[in-house]
Amino acid sequence: MITGTEKPIEEILAMVEPYQRLILAGCHGCVTVCRVGGAKEVQVLASTLRLAREAAGRPLEIHEVSLERQCDPEYVEKLRGLVGGYQAVLSIACGAGIQFLAEKFPATPLLPGINTGFLGVTVRQGEWSERCQGCGDCILHLTGGICPVTRCAKSLFHGPCGGSVRGSCEVDKEIPCGWQLIIDRLEALGQMENYGRLKPCKGWSSARDGGPRRIIREDML
Amino acid sequence: MTSALQSSGQPPTGAVLVVGGGISGMQSALDLANAGIKVYLVERSPAIGGRMAQLDKTFPTNDCAMCIVSPKLVEVGRHANIELLTHSELLALDGEAGNFQARVVSHSRYIDIDRCTGCGLCELACPVSHQPYFPESAESPQSAQPAEPAEQPASAPASPAGREGRGGKGGRRGGGEKRLIRGNTPPRASGHEHWHFTVAADACGACGICHRACLQQAVRWQKGERADIDQESCTGCGACWVACPEKFSAIRVSAATEMEKGVGAAVQARARLLRREFAEARGLGCIRCGLCVVTCARVMGVGALRLVEEGVEALVDRCQVCGACVSVCPVDFLSLEQVGSRPARPLHNAFNEGLNLRRPVNILYPQAVPRVPTIDPLSCVRLNSGACGTCATVCGTGAIHYRAEGRERQIRVGAVVFSPGLELFDARRRGEFGYGISANVVTSIEFERLLSASGPTAGAVTRPGDGRHPRKIAWIQCVGSRDESCDRAYCSSVCCMYAVKEAVIAREHDAAIEPTIFFIDMRSFGKNFDSYVARATEQGVRLVRAMVSRVFEDPLSGDLELRYLDANGQRQREVFEMVVLSVGIQVPPAARALADTLHIATDRYGFVRTDPYQPLTTSRPGIFVSGAVKGPKDIPETVGEASAAAEAASSGLAAVRGSLATSTTLPPERPLASGEDLRIGVFICHCGSNIASVVDVAAVTEYARSLPGVVYAEHPLYTCSQDSQERIRALIGEHRLNRVVAAACSPRTHEPLFMSTLQQSGLNKFFFDMANIRDQCSWVHADSPEEATAKAKRLTRMAVANAAAGEALHEQEFAVDSRLLVIGGGIAGMTAALAAARQGFVVYLVERESELGGRLRAASRGNDGRDMAGYLQGLRQEIEADSRIRLFLGCEVVAQSGFVGAFESEIAMPSGATRTIHHGAVLLATGADENRPPLHGLGELATVVSQTDFGNLLEEASPPLPERPQVVVLQCAGSRDPDHLPYCSRVCCNQAVRNGLRFLERYPQGRLDILYRDMRCYGLAELDYRRARQAGINFIRFDPAVNPPQITTSADGIEVLIVDPSVGQPVRLLGDLLVLSTGMRPRQNEELASMLRVPCAADGFFLEAHAKLRPVDLPGEGLFMAGTVHAPKSAPESIVQARAAVARATTLLSRKSLTMSAIVSRVDPTNCAVCLTCVRACPYGVPVINDEHTAEINPALCQGCGICVAECPAKAISLGRYDDRNIEAKIASFGSH
Amino acid sequence: MVVGCLQGDCHYISGNIRARARVERVLAILGKIGIGGERLRMFNLSAGEGGKFAAFAREFVDSIREQGPSPVNLVRAGSGQPAEAEGGR
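Protein chains in written order, with our numbering: chain A, 1 to 221; chain B, 222 to 1454; chain C, 1455 to 1543.
Think of the hints as simulated: they come from the structure by calculation, not from any bench. In this text, all values refer to a predicted model and were calculated from it rather than measured experimentally.
Pairs of lysine-lysine residues, derived as DSS-like cross-links and limited to a Cα-Cα distance of at most 25 Å, are as follows:
| hint | chain 1 | residue 1 | chain 2 | residue 2 |
| --- | --- | --- | --- | --- |
| 1 | B | Lys1432 | A | Lys78 |
| 2 | A | Lys40 | C | Lys1486 |
| 3 | A | Lys7 | C | Lys1486 |
| 4 | A | Lys40 | B | Lys1432 |
| 5 | B | Lys1012 | C | Lys1506 |
| 6 | B | Lys468 | B | Lys444 |
| 7 | B | Lys482 | B | Lys468 |
| 8 | A | Lys7 | B | Lys1432 |
| 9 | A | Lys154 | A | Lys199 |
| 10 | B | Lys1447 | A | Lys40 |
Some chain C residues flagged as far from chain A (calculated, every beta-carbon gap over 12 Å):
| hint | residue |
| --- | --- |
| 11 | His1465 |
| 12 | Ile1467 |
| 13 | Arg1474 |
| 14 | Asn1498 |
| 15 | Ser1517 |
| 16 | Glu1520 |
Glycine included, C-beta positions come from ideal geometry on N, C-alpha and C.
Generate the whole structure from the sequences, applying the supplied hints.
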């Protein structure tokens, strides 16, 4: 899932400073699951902003709404009739959702209410960890199911760097060396031959070059 | 094992009499009542709760005892199938098992229990604080400590003539010593809150006595003329009124609050007001309000006091020393020593162990059930002299009847559970410890009260001698336990733990306290007890292994010097500021007498005799026993035993279950029309004057009428009284009310009552809300009536808003499968299967092995030396013969689903096939194993054996031992050892002692040495330990850190080197055999735990739902356990647990259906994000993601805590009446005006 | 003022511990937006500790009195200076 963290309230207050009427839009997808952008967070943030602004003597009117997903046009359409009546939309969906709203309602300023994090997993209640950087060229079958792009601090593709010390990354002892993990796992799987297999250089074009990536499924168009 | 209950041929009576309302009796009563048996619960004292209610915290969890026991009190008090007979005694029992006739006397409380609302005004108004000297009764000083009221006959009140004979005759004063009581400052006339006195011209005798009595020159009088009072100079002291001869009674009082009720009530009212006004002046001097004099003359009818120029004059010989004058004095001017010549006899509060005082009319303790006071016929002035009667005048429901008499009745029951409880050893019998002589020596139960936040010191640990905070406190263990000299040779089992707990809690209250516990053996043998003791020592509790020989008091400081021999045999002296005597447990004489009356056999100490393998059955068929009356035990053991006794008692009554149970039928619920207007009825309670004396209830009512939706409001004197309930019912119909709000007392105690009234009126019971304007307004803001009234209005407003937001909720019912699955066929499982079958249920008994019997198949003899194999064979045959038991040998339960009342389990058969069974409850009895650590060559050498091996070896026809064998026994071999088993296995000490005795029986010339750390022969097993020492078994104590035994073992023999601390010398023991007490270890329980979705503790044993009060319940609903799967225990203890678990299961299986609470979490699937938050957050593991891809919460399992509601990020979960809608309505209403 | 049972005494096992975590979150928010986190506190008490409860209530009321009306109430009453949020503008 896509994870995110709360933006510092001071930052949000500064963003909404010019406005008196706005929509606060949550998303029922990933950000609900990672507890930053669901219906409850909409209520909490709206109350916080109202209180803060009232205390500052400049009351803020907030329309609370939660969309099923902010990354799908059909759901986003539900805001259409509403945005006109407000000065801005504060969205606590992921960056994709916020941008999608901005795209659909070009006349309305869009404000981000959360900091979008990463593609990750729930380690336990309240703890998430990154697992994928969406590089667009998956080789997990060769690396024991552990992604070198994500788990290695340098996203190295051909084995550990010289900073791997006793299984830890040189960046921080608390971070396990991604390549150590891969090697351990390959050993356990009896697939060490994969480690030695010469891989062509990674084509990063599928990861970040050429502007926003697109996926087109002809069969579904 | 079956008790033949139907010997007489007639059907048994479906009722059980439970003797004793302590935790044992309450648990028995609840388990019986919940299984459809009618229960009569007879309790001697005026309220149930017993000892546990007196405790502050309980070990090993440090739970607040009252917090955990009070819900049980309320449940017992409200249970439709339990008839509570408090202040009552069982006099005789005729008939036989199945059909007994019990004769029970209920002593008079002088209070009508049905009318009393428990408001406590009588106790508040009663001025008497001390046992008065009544002239008629020739009292000896011995009667200074009034006995329990229960022991007194219901005495008729003395004739009111007594009053005329003694009091109020101002003219004939004199006789005896007069004493002048003067203050540091001359008396000042108060003038405040004063009463208006006038002279009734037609009655005045013109005698002039009032004129002379008045110290203000306010009474004008000329000889031969009638008196007249100058209101300008009158201060309202009442001297004239008191002085006016009774034949005239010419002085009239007006402008006196509550005077219409009586003088006593008026005095109290004025005292209250004056106390507030003179709060600053307390102790400074007399304010000449005259209340003492008026009380003495006009309320008590004594007339021993008079106002004089210098202060108050007392006729000290006339004074009855009742304390009324002292208690009404608003400025604490008087003291009892000053006004009377005879020694004051305080009325000690027995519940607080005499550490503070009570009134003759009192409620036993604040949370008492029933919350109804009792009048003590010994000390009540009304009942003895005919004067006073103040309580009856303030009682708003007319519940006080001074002429009420006790009532005797015959009750038909099928069985009896005898659980009269315990009393504590009288520490005075061990005079050397100074109890009763030195004020700062207290007993452990007194210390409990000192620790209790609701106790006499509000939880401050202070010395009774001077109120100072002690720093060094010593506990002396075994006072009245393990002590032949005062005929208490047994161990009281609980004192080691309660002392450690008291020491820990004392330090929690005051970190400056340095506790020291002097003990012989630390008997922390229960589940998790050792780790509790270890934690205590880390937290600064000092343990000293020594028996204190004497306590000397320093008369100046009140400090106490303890003398003892330390571990090295050196004499030590140490000074402490306070000493707590850990007094033992014994059978109360009244319980012994009752046992005799009931013809049940007891031992020399009065403990009820039972067979170890029928631990609940007394010598008289049909009478079962539980609790400390059959041997000292702690709370969880007592609770388990109580459930087991309930099972045993109802075993023969299964056929008539439900025949006498009460069922209520309710009128059909009126559905609300859609869009029906709110029609709210509001009831603002006076609670007598509890609320109304502070809160302006009329104003609150008026205000309530103005609230939106309110169509009716009134302010009843007692909203909870029977007639008010009828009236509310009528008003609901008359005004078509669809919401009801009560602004009264605590919802905790009264909400169920009001809700049932709504139900009886055909209104959904959740259309109700309550504001607590007594506790939260009149009680806490007694000094600020205006603010209290304003707060009451606001609370009422919020309750109205909440009721308006309420919606109809329904408690759903679901069917219960009456079959029971028992997992494990050892002694616990077999016992449980048989018991459940006798209760009439089909039992699936699943045993992994191909044979029943479990671990005990390896043991040749049981506890009492009986043939174990034969015993197990008997059970096996019974099981095989019982058609209700389906036996699955060589099978395992491999999967389980469903929930309480409707489980489904899969059983893997020996063939490899699986079979699915359905059942309503699960009883887990998979046992434990003997620990066999590879220590000292165990398992390799024939010369090293376990305790079980040794026991078996002794039963062999020709054991492989020489003629004069030498045996060394090592206790705690692999127990209490972090490298092996960290815990104590509880049974090994007893096993070692018993095997040792058996050894000496067979080899009188043999020698046996037992190396031990603490001999934990708890309870009556201490007697065996004593016998063993007398028989010549040598006990050598070791401490692994100080003198660990050096053991060398070989196939030829063993050699042990150890420093014997009793002689301070190294000794060398040579032996033919080394016996290791290895303890018990849990089986591999992880898979079972995850299948049943219940937790296993770190040590591998299953965790009970509550360590104190639910010892055989697993944390999942409908799951129970018994035997060593829970913790190490003996076979008889496992039997008790097995039957207890069956009792608990019977409360479910005996029902056709279960009702689930309406206050449960509900998921709205359309909003559910399937995020798993609820699944992870629920402390009970109830929510699951179902096949429809939405979270689902089984209402039968939901506990209604609301955690998931608060956590759900999609706001998809709601909780009955605690919805956002309700909370928001309340908050909005709080802020509105 | 939020009052919960003593730690370990929760009827619902961990309810009071979760409550504390939530209270702390809210007071952090209140602090950041200039309302004042000191306006919210959680206490743990047993049912028997009436005296302690009263002491805590007094202490809390005193502390609220000292802080004066909340900025929101001041603004509503039209008498107060608008509060400045920490990083507001």
